[in-house]
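Enquirer: Chains as they are written, first to last, in my numbering: chain Z, 40 to 193; chain E, 5 to 370; chain A, 610 to 715.
Worth flagging that the hints you see were computed from the coordinates, not collected in a lab. Take the hints with a grain of salt, since some may be wrong.
As the list claims (entries may be wrong) - Here are the simulated distance ranges between beta carbons:
hint : chain 1 : residue 1 : chain 2 : residue 2 : range
1    : E       : T256      : Z       : E82       : 36 to 46 Å
2    : E       : K263      : A       : N680      : 54 to 64 Å
3    : E       : L346      : Z       : D167      : 47 to 57 Å
4    : E       : K263      : A       : K662      : 29 to 39 Å
5    : A       : I688      : Z       : E146      : 31 to 41 Å
6    : E       : K263      : A       : E656      : 26 to 36 Å
7    : E       : D364      : A       : G686      : 42 to 52 Å
8    : E       : P290      : Z       : L88       : 54 to 64 Å
9    : A       : K639      : Z       : D58       : 31 to 41 Å
10   : Z       : Q177      : E       : K251      : 17 to 27 Å
11   : E       : F72       : Z       : T113      : 57 to 67 Å
Fair warning: this is a prediction, and the values are worked out from it, not measured in the lab. All C-beta atoms in this analysis are idealised placements derived from N, C-alpha and C, irrespective of residue type, glycine included.
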Amino acid sequence: MEVKDVLSKDRIIFNLDSDTKEKAIVELSNILMEQGFLLNKDEYIKAVLQRENHSTTGIGNNIAIPHGKSNSVTKSAIVFAKTKKDIEWESLDEKPVNLIFLLAISELDQTNGHLRLLSQIASKLMDDDIVLGLQKTQTADEVIKIFNEGDIEL
Amino acid sequence: MVKKIGSELKKHVLTGISYMIPLVIAGAVIMAIARVGGSFYGITDIWDSNYAENSNGIIKLLHSLDGFGGIALGLMFPVIAAFIGYSIADKLAIAPALVGGLLAKDIGSGFLGALAAGLIAGYACLLIKKHIKLPKAAASIVPVFLVPVLGTLITVLLINYVIGIPFANLNFGLENWLNGLSGSNQILMAAIIGAMVGFDLGGPVNKAAVTTAMALLASGIYAPNTAAQVAIIIPPLGLGLATVLAKRKYNTELREAGKSSLVMGLVGISEGAIPFAVESPLKVIPATVLGSAAGGALAVGLGSINQAPISGFYGWFTIIQWPLYILSILIGTLIVAGLSILLRGNPLVVEDKVEEDDFDEAEWEA
Amino acid sequence: MKRKIIAVTACATGVAHTFMAASALKKGAKLMGNLIKVETQGATGVENELTEKDVNIAEVVIFAVDTKVRNKGRFDGKIILEVPVNAPIKNAEKVISDALRLIDEK
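With the rest of the complex left out, here is chain Z (with noise of 0.2 Å):
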């Protein structure tokens, strides 16, 4: 299991032009749903924003990762972007974002190993270090090298 099985390199993109949060949830489902891992996009989508009413996931250093789990989802899998403007997220500290990961989990998969390598590629995001090498990618390459080099075994 690797990386590149939920993060792809197609769903890996730069300069998104969406300005405010639902806008870029709803952009990002878009691709979701034409790589075929969404039955339903309204459902998703639904479940995205359920989640965010609860509390935010702007998990602060301009980081978010909204995320739904329903099963309209086929297959669990992360779309990243990074956006040309700032978004406003209600961040817990209280910075807009420009680095995204939208999650779709499936409920299908409880105990797949897809799963698994979302929550390890989440808490990586805790670490600074990544945190700043994502900020400065520039091709799909580098964002899933990052992720690589931190010892995801499966």
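Chains E and A: place on chain Z using the hints.
Expert: For chains E and A alone, coordinates are given in the frame of chain Z:
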């Protein structure tokens, strides 16, 4: 396609290195203990067989330890070959590669020869397994008989008759050439010797330069030896220093290798730099060549003279003009460290700081 | 003397915040020079499960949770600080010192 083959090869070689590193560390540290111990008795050639029968039990033990360390280091080449083979063709390739690696060592083809042995054995076994199809009843002959025998034969024959000849010739030609050079411009020669020593780190080019330099000692020519001894320890010290200065650019394994490389450098073993040279030769070898060349030329140019074939720190104080000698080592080390860090590029490799593994269970329960 | 703490993290989805909170607590404890063991109760099940021995050793328990803690009975009789799972992600050192203050002021 070419890129894919390249990354495949790199993966196999890295697997080999990872199995080899523990041996290098064991061997180098045991040897270091022996050599440092010997220096307390004023002995600078503890490996000399005279000490096997010394009346002092400790000296005898130190002599044996040096030998034991040597056994571990001697296994480097068979082991790296064996596990390169293993990485390519699984356990089938271990036997042929082991034999090929040992042969490469015996004929003096150094670590490049060992790499070749591992790769040849691995791919030979893979090809035999894939392409020789026997009727079902006899199929089990392939893995138990054909692969070991044919694989080993192919490997040893290629190493001995194809790979071995150019290396041996290289060795011989270089010795002649160096002998002719020694009368001319000393500093230039020192730089060339330094460059050769830094080029393949214990391989044939390095050994040609070092053995020639040592041979010239007998005739009272000290400059080549001075250059060579300075140049021997600059690559391991410089690369070790690089892993300390630019931690981010090296993975955990190489950082560990960096530490042992520093130790090996101090006791005068240039093989400490090999893991780095194998991992990314194009980024490391230019740095070690330039650093060793500069260090060698400086030491000779500044007039320091090393009359003994010793490069480790325990020999430094017997050197004429030793402060300048150490200065030359320092400058060469800094060149290697600086250049190799520079050539390695941006530290995009951000590593997880070990957070989970360093939990001290004993402290918790105390 | 290093202080000894145990914690349980859990969030609604059980994929992201549970593990970020665990990682933040470990980092925070390390920076403060304390020892911490963190059990994660996520979608992949319970990991790094705290043993009875761990519970005995620890001075204080932190629950950084948005959901019910599974198998809560283990911690009966211990002093527990319960905070939202976001709290350590925001400031783990504060959560840890709050927990330690609970016992120090007792």
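Enquirer: Give a verdict on every hint.
Expert: Hints, verified against the model:
1. E:T256 x Z:E82: 36 to 46 Å: 43 Å, holds
2. E:K263 x A:N680: 54 to 64 Å: 43 Å, violated
3. E:L346 x Z:D167: 47 to 57 Å: 25 Å, violated
4. E:K263 x A:K662: 29 to 39 Å: About 35 Å separates the Cβ atoms of E:K263 and A:K662, which means 29 to 39 Å holds.
5. A:I688 x Z:E146: 31 to 41 Å: Given range 31 to 41 Å: holds, Cβ gap about 37 Å.
6. E:K263 x A:E656: 26 to 36 Å: About 32 Å separates the Cβ atoms of E:K263 and A:E656, which means 26 to 36 Å holds.
7. E:D364 x A:G686: 42 to 52 Å: 26 Å, violated
8. E:P290 x Z:L88: 54 to 64 Å: 55 Å Cβ-Cβ, so the 54 to 64 Å window holds.
9. A:K639 x Z:D58: 31 to 41 Å: 38 Å, holds
10. Z:Q177 x E:K251: 17 to 27 Å: 23 Å, holds
11. E:F72 x Z:T113: 57 to 67 Å: Since E:F72 and Z:T113 have Cβ atoms about 60 Å apart, the given range 57 to 67 Å holds.
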